[in-house]
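Protein chains: 2
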Amino acid sequence: MIDVSIIGAGQTKFGRHNDYDLRELFTKAATEAVEEAGITAKDVQAAFIGNLSADQFNSQCHIAPLMVDFAGMKGIPSTKCEAACASSATALRAAILALESGQYDVVMAAGVEKMTDLSTAGVIETLAMAADQTFEANPGITFPGIFAVLAVAHMAKYGTNKEQLAAVAVKNHANAVHNPLAQYQKAITIEDALSSRMVAWPLGLYDCSPITDGAAAVILVRNKAARKYSDAPVKIIASAQASDTMNLCDREDLTSLAAARLAAQDAYKQAKMKPKDIDFAEVHDCFTIAEIIATEDLGFFKPGEGGPAVLEGRTQIGAEKTINTSGGLKAKGHPVGATGVAQIIELYHQLRGEAGKRQVSKADIGLAHNVGGTGATCCVHIAQRW
Amino acid sequence: MIDVSIIGAGQTKFGRHNDYDLRELFTKAATEAVEEAGITAKDVQAAFIGNLSADQFNSQCHIAPLMVDFAGMKGIPSTKCEAACASSATALRAAILALESGQYDVVMAAGVEKMTDLSTAGVIETLAMAADQTFEANPGITFPGIFAVLAVAHMAKYGTNKEQLAAVAVKNHANAVHNPLAQYQKAITIEDALSSRMVAWPLGLYDCSPITDGAAAVILVRNKAARKYSDAPVKIIASAQASDTMNLCDREDLTSLAAARLAAQDAYKQAKMKPKDIDFAEVHDCFTIAEIIATEDLGFFKPGEGGPAVLEGRTQIGAEKTINTSGGLKAKGHPVGATGVAQIIELYHQLRGEAGKRQVSKADIGLAHNVGGTGATCCVHIAQRW
Numbered sequence: 001m002i003d004v005s006i007i008g009a010g011q012t013k014f015g016r017h018n019d020y021d022l023r024e025l026f027t028k029a030a031t032e033a034v035e036e037a038g039i040t041a042k043d044v045q046a047a048f049i050g051n052l053s054a055d056q057f058n059s060q061c062h063i064a065p066l067m068v069d070f071a072g073m074k075g076i077p078s079t080k081c082e083a084a085c086a087s088s089a090t091a092l093r094a095a096i097l098a099l100e101s102g103q104y105d106v107v108m109a110a111g112v113e114k115m116t117d118l119s120t121a122g123v124i125e126t127l128a129m130a131a132d133q134t135f136e137a138n139p140g141i142t143f144p145g146i147f148a149v150l151a152v153a154h155m156a157k158y159g160t161n162k163e164q165l166a167a168v169a170v171k172n173h174a175n176a177v178h179n180p181l182a183q184y185q186k187a188i189t190i191e192d193a194l195s196s197r198m199v200a201w202p203l204g205l206y207d208c209s210p211i212t213d214g215a216a217a218v219i220l221v222r223n224k225a226a227r228k229y230s231d232a233p234v235k236i237i238a239s240a241q242a243s244d245t246m247n248l249c250d251r252e253d254l255t256s257l258a259a260a261r262l263a264a265q266d267a268y269k270q271a272k273m274k275p276k277d278i279d280f281a282e283v284h285d286c287f288t289i290a291e292i293i294a295t296e297d298l299g300f301f302k303p304g305e306g307g308p309a310v311l312e313g314r315t316q317i318g319a320e321k322t323i324n325t326s327g328g329l330k331a332k333g334h335p336v337g338a339t340g341v342a343q344i345i346e347l348y349h350q351l352r353g354e355a356g357k358r359q360v361s362k363a364d365i366g367l368a369h370n371v372g373g374t375g376a377t378c379c380v381h382i383a384q385r386w
Numbered sequence: 001m002i003d004v005s006i007i008g009a010g011q012t013k014f015g016r017h018n019d020y021d022l023r024e025l026f027t028k029a030a031t032e033a034v035e036e037a038g039i040t041a042k043d044v045q046a047a048f049i050g051n052l053s054a055d056q057f058n059s060q061c062h063i064a065p066l067m068v069d070f071a072g073m074k075g076i077p078s079t080k081c082e083a084a085c086a087s088s089a090t091a092l093r094a095a096i097l098a099l100e101s102g103q104y105d106v107v108m109a110a111g112v113e114k115m116t117d118l119s120t121a122g123v124i125e126t127l128a129m130a131a132d133q134t135f136e137a138n139p140g141i142t143f144p145g146i147f148a149v150l151a152v153a154h155m156a157k158y159g160t161n162k163e164q165l166a167a168v169a170v171k172n173h174a175n176a177v178h179n180p181l182a183q184y185q186k187a188i189t190i191e192d193a194l195s196s197r198m199v200a201w202p203l204g205l206y207d208c209s210p211i212t213d214g215a216a217a218v219i220l221v222r223n224k225a226a227r228k229y230s231d232a233p234v235k236i237i238a239s240a241q242a243s244d245t246m247n248l249c250d251r252e253d254l255t256s257l258a259a260a261r262l263a264a265q266d267a268y269k270q271a272k273m274k275p276k277d278i279d280f281a282e283v284h285d286c287f288t289i290a291e292i293i294a295t296e297d298l299g300f301f302k303p304g305e306g307g308p309a310v311l312e313g314r315t316q317i318g319a320e321k322t323i324n325t326s327g328g329l330k331a332k333g334h335p336v337g338a339t340g341v342a343q344i345i346e347l348y349h350q351l352r353g354e355a356g357k358r359q360v361s362k363a364d365i366g367l368a369h370n371v372g373g374t375g376a377t378c379c380v381h382i383a384q385r386w
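Quick note, the sequences are listed as chains A and B, same order. Numbering follows this note's numbering, in which position 116 of the first sequence is assigned residue number 116; successive positions increment by one, without gaps. Numbering follows this note's numbering, in which position 162 of the second sequence is assigned residue number 162; successive positions increment by one, without gaps.
No wet-lab data here; the hints were simulated from the structure. Be careful, since some hints might not be right.
A pair counts as met if it fits within one copy or between any two copies, since identical chains are not told apart.
Below 30 Å or equal to it, Euclidean Cα-Cα: the simulated DSSO-like pairs (lysine-lysine) are [what the hints assert, rightly or not]:
hint, residue 1, residue 2
1, LYS269, LYS224
2, LYS274, LYS186
3, LYS272, LYS224
4, LYS276, LYS74
5, LYS269, LYS74
6, LYS302, LYS74
Extracted from the complex, chain A is given alone in its bound form (with noise of 0.2 Å):
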């Protein structure tokens, strides 16, 4: 079992911020992190950055150095990691990595995205980059274009309708209305998700994720030294990370995700555990169609389950399985780079007890599952209360 603890957690609040640039967005969640940890800034180590395309956002590359410059921790060894929309879960899991080794004590992992410098067209030019280039992005196919391929395919094979997709919109932003970071603290009926403008059939604007800006960043410590730190340590005992082709064209199944099934399978491994055993998850529902595919993928409803669970409420904070508490990537708003880190400190408070209104009362064991692109990458990490 990963020997890891997280002993502090920072993040922007998620939306438009015209007032900052990444560097500043970077270093208001890493300072935060650092200052509830009980450190500073020069104790961190070494730290592992999740960005998808600061190239391409904001004409910068070579972020990780000037990010930990910016926010005090010059001359530390400082990596940007990419997998598109898990990249600082991949970021979350090369940290673990590095304090196994035991190279180093404290480590920072974080995630960091500005995305509201270009024009949508522009965002959407480059999340296509995420999915193959030759083969997808170039004819011309666009993230929501994809994922409506998956949702028609589930439709196809397990009747999953529209009704059921717009339950998954409505509940994210009913558990967002109570995230002071969240970038839509607004509630909304399924009528308003059913008659929202058209993106790609069947997904309308309230089946997409947002465009947004944000930053997360979490301390780590082997367990050890967690109690030294922190009177409420979260524990990380699962990190699991798998791949899958990219292009959709290559894979077996559209309706559900090899990578996320690997990764879940390794990371119950790890854990010990079971589906049953978790009590609440953050799922990567960039799409409301990939929320219905994750709650399968990773086991806690049957392939075709996941439609017809939610719908009926049963991933509502407090039912069988609570699902998405933050209000998701559909409503905390989703700054693709600063996701995985951000599911992974939607995790922390849960288990800390100080989620507030939206506080699930039997929070043992969370786990968050983040997908990269149309799930050529899925990282899958599960926390424990202490």
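Please arrange chain B on chain A, whose structure you already have, making use of the hints.
Frame of chain A; chain B shown alone:
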């Protein structure tokens, strides 16, 4: 001391590859590495891949799973690491940490870049993104300009001159004549270098590394297992990484890279060695001045002696301190994200005594020095013959 050995290496020819795309270049290098290790692609358990910006060069993010899928390793965790021109040295370091964590037994570290899909202007603009966009690139400075500033500072402080810069290019071109994978297998004279077209004074065309396509990959295992796979594995005995401010304006000294000194200090400490113990080194000569600074930062020569040393032939093959037997970035070529692993591969071949006409006679300990951007990242690795 680090417990990791290289058991296989593969590298494409460096240069312009009109007939191969990014994934094909990667697959060629990865397959060679796998075959030399006497394993199959399915035996590789995780991959870390260095790449500066396939985003900009090839409109492709999320390359890591795409590369491993194409190379027959579908399913494994695969993460892109980016730190500008030091990207694949950070990937190598992440791979080493992953092995040291005990979670994997067979790991690939690789790097790939296909730069020639863009125009020269596009390449220059992309590379400039590895400098501080806000304070350097946007105001208009490009990489030759930035390194020209370092050169002028070094000239002013130490009397370094254009003949000494030219001597770096002449030596590295001479070495590359014997490297069949080098971009330029062509000797040049001091006069050629001195009379080449001015790029940014004092740096002429022959002071600059070229625009290059290429890929490089190594297979790593822990030492205990190395002999199972290879009759002549090569040990990595130190792996260090450090960072610095990106913006030159924030640095105290322009004649030395603080991150290089920090990383070197750490690497020597890990290896329990001193600069005099290093038989030969691959150093980051993105511009000729960078090699002179590198040989000083690494402690091979005192500050200010790097220029005279190269002009006096003290860094030629078999002389006092052999530098860049491969031809260096200058003549071997510099496919940015592949350079760090390619340096390690040169150490590997030298330490196995298979470097042909560029073989160093006493090659027991080699060092690789890989710089990101203008020195905001530096990695130093030390490798040893078994």
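Evaluated hints:
Taking identical chains as interchangeable, the C-alpha atoms of LYS269 and LYS224 lie at most 30 Å apart whether they share a chain (23 Å) or sit on different chains (26 Å). When the C-alpha separation of LYS274 and LYS186 is checked against a cutoff of 30 Å, the pair qualifies neither within a copy, at 34 Å, nor between copies, at 62 Å. Taking identical chains as interchangeable, the C-alpha atoms of LYS272 and LYS224 lie at most 30 Å apart whether they share a chain (21 Å) or sit on different chains (29 Å). For the homomeric pair LYS276 and LYS74, the shortest alpha-carbon distance between copies (29 Å) is at most 30 Å, but the shortest distance inside one copy (44 Å) is not.
In this assembly of identical chains, LYS269 and LYS74 lie within 30 Å of each other by CA distance solely across copies; the values are 20 Å between and 38 Å within a copy. Only between protomers do LYS302 and LYS74 lie at most 30 Å apart by alpha-carbon distance; the minimum there is 25 Å, versus 49 Å within a single protomer.
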